[in-house]
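Asker: The lines below spell out each chain.
Protein chains: 2
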Amino acid sequence: MPQERGAIVWFTGLSGAGKTTIARTVAERLQIANLKVEILDGDLIRQHLAKELGFSHADRIENVRRIGFVADLLGRNGVIVLVAAIAPHRAIREELKQNCEGFLEVYVNSPLEVCERRDVKGLYAKARSGLIPNFTGIDMAYEVPLAPDLECQTECETISQSTAKVLQKLVALGYISIDCRG
Amino acid sequence: MPQERGAIVWFTGLSGAGKTTIARTVAERLQIANLKVEILDGDLIRQHLAKELGFSHADRIENVRRIGFVADLLGRNGVIVLVAAIAPHRAIREELKQNCEGFLEVYVNSPLEVCERRDVKGLYAKARSGLIPNFTGIDMAYEVPLAPDLECQTECETISQSTAKVLQKLVALGYISIDCRG
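Protein chains in written order, with the numbering used here: chain A, 79 to 260; chain B, 79 to 260.
Same shape as in the complex, but just chain A (with noise of 0.2 Å):
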């Protein structure tokens, strides 16, 4: 049964906190489950639509706006918009939720030594040489979600643990209405 309505579900979190790793997890099921889902990368995006922002502040708002209007786009024609950004302004993370509408804050937290030490891209790495400025965690805060509608705290949860949250959230909320929870 195709699903009526969309989602946007918003990983926020450092990064290497497990964002990216969670949205493939969770689109592999609700793809079995044949509902329609897109994953909105946060590095894909600025590659096709912002290649010329850079990480100040005023450019990571921009390119957080932009990665929210194409989820609003899909999201409000039935797609399972599954978003793997940073997003570290809590501002502009409750204006996303206010203007859009099935627009889900999911807090993947792990803490800054773990994601330092997993260190996927070696960003960490070159962020602590100074070669990487504005790096959240590192020289720019990242603002902790007040009141996420899901927390995932991948230090002591599993990749699975943490999916089956995410779509036990989904199917609590009304956005899928089978069973794909696996």
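Calculated from the structure, these hints are not laboratory results.
There may be inaccurate statements among the hints.
A pair counts as met if it fits within one copy or between any two copies, since identical chains are not told apart.
Listed next, the in silico DMTMM-like pairs over lysine to aspartate or glutamate satisfying Cα-Cα at most 25 Å (straight line) [to be verified]:
| id | residue 1 | residue 2 |
| --- | --- | --- |
| 1 | LYS129 | ASP150 |
| 2 | LYS247 | GLU173 |
| 3 | LYS114 | ASP150 |
| 4 | LYS129 | ASP119 |
| 5 | LYS247 | GLU179 |
| 6 | LYS175 | GLU229 |
| 7 | LYS129 | GLU140 |
| 8 | LYS247 | GLU229 |
| 9 | LYS114 | GLU179 |
| 10 | LYS204 | GLU221 |
| 11 | LYS199 | GLU116 |
| 12 | LYS129 | GLU173 |
| 13 | LYS204 | GLU233 |
| 14 | LYS175 | GLU116 |
Fair warning: this is a prediction, and the values are worked out from it, not measured in the lab.
On the provided structure of chain A, position chain B as indicated by the hints.
Answerer: What follows is chain B alone, placed relative to chain A:
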């Protein structure tokens, strides 16, 4: 019956040729038929996804690519996307045609004199007086489609005739199965 396949109907042509007007009328018909439809208007996309881009050759290409990226995301999720954007360069329109499934090029053809006489947004007057450089048709070429999927000659067709042609084409190609030709 909701449509299964999406499509990207790209209305290309000079400013004032009638792209947005036809797109809106087509959209109304499709919406009445309960189909999923979005209009991506060149100005709207510039405002939301390309504020910093100007009207140089390179910036226009980038803008058209951004519209194409968003249109493709929507189209592959079953939305009929009506794009009303000049897209003056043949090569980039061809690129999109190659890369986006269900891409239809609709040439909204109206002679420059007619568009200039209409001058709905007052842009031709500004362009002629040098206030808007790189204006398509004045000091930047519009590369006429060589083999568009459809041509609407708005000088001698009514909006309603052009609209009917577009809907008929969508039916003929199997993008819509219901009769919403009205």
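Asker: Does each hint hold? Answer for all of them.
Answerer: Evaluated hints:
In this homomeric assembly, LYS129 and ASP150 come within 25 Å of each other (Cα to Cα) both inside a single copy, at 21 Å, and across copies, at 18 Å. With identical chains, the CA atoms of LYS247 and GLU173 are at most 25 Å apart within one copy only, with a shortest distance of 22 Å there and 40 Å across copies. For the homomeric pair LYS114 and ASP150, the shortest alpha-carbon distances inside one copy (14 Å) and between copies (14 Å) are both at most 25 Å. For the identical chains of this complex, LYS129 and ASP119 are neighbours both inside a copy (14 Å) and across copies (21 Å), given an alpha-carbon limit of 25 Å.
Taking the shortest alpha-carbon separations for LYS247 and GLU179, only the intra-copy value of 16 Å comes in at or below 25 Å, while the best inter-copy value is 33 Å. With identical chains, the CA atoms of LYS175 and GLU229 are at most 25 Å apart within one copy only, with a shortest distance of 16 Å there and 42 Å across copies. For the identical chains of this complex, LYS129 and GLU140 are neighbours both inside a copy (12 Å) and across copies (10 Å), given an alpha-carbon limit of 25 Å. In this assembly of identical chains, LYS247 and GLU229 lie within 25 Å of each other by CA distance solely inside one copy; the values are 11 Å within and 48 Å between copies.
Taking the shortest Cα distances, LYS114 and GLU179 sit within 25 Å of each other both inside one copy (17 Å) and across copies (17 Å). Proximity of LYS204 and GLU221 under a CA criterion of 25 Å is satisfied intra-copy only: 22 Å inside one chain copy versus 46 Å between copies. For the identical chains of this complex, LYS199 and GLU116 are intra-copy neighbours only, at 23 Å inside a copy versus 37 Å across copies, given an alpha-carbon limit of 25 Å. Taking identical chains as interchangeable, the C-alpha atoms of LYS129 and GLU173 lie at most 25 Å apart whether they share a chain (23 Å) or sit on different chains (19 Å).
Taking the shortest Cα distances, LYS204 and GLU233 sit within 25 Å of each other inside one copy (23 Å), while across copies they are farther apart (60 Å). In this assembly of identical chains, the alpha carbons of LYS175 and GLU116 lie at most 25 Å apart whether taken from the same copy (19 Å) or from different copies (22 Å).
Checked against the numbered hints above, the structure violates none of them.
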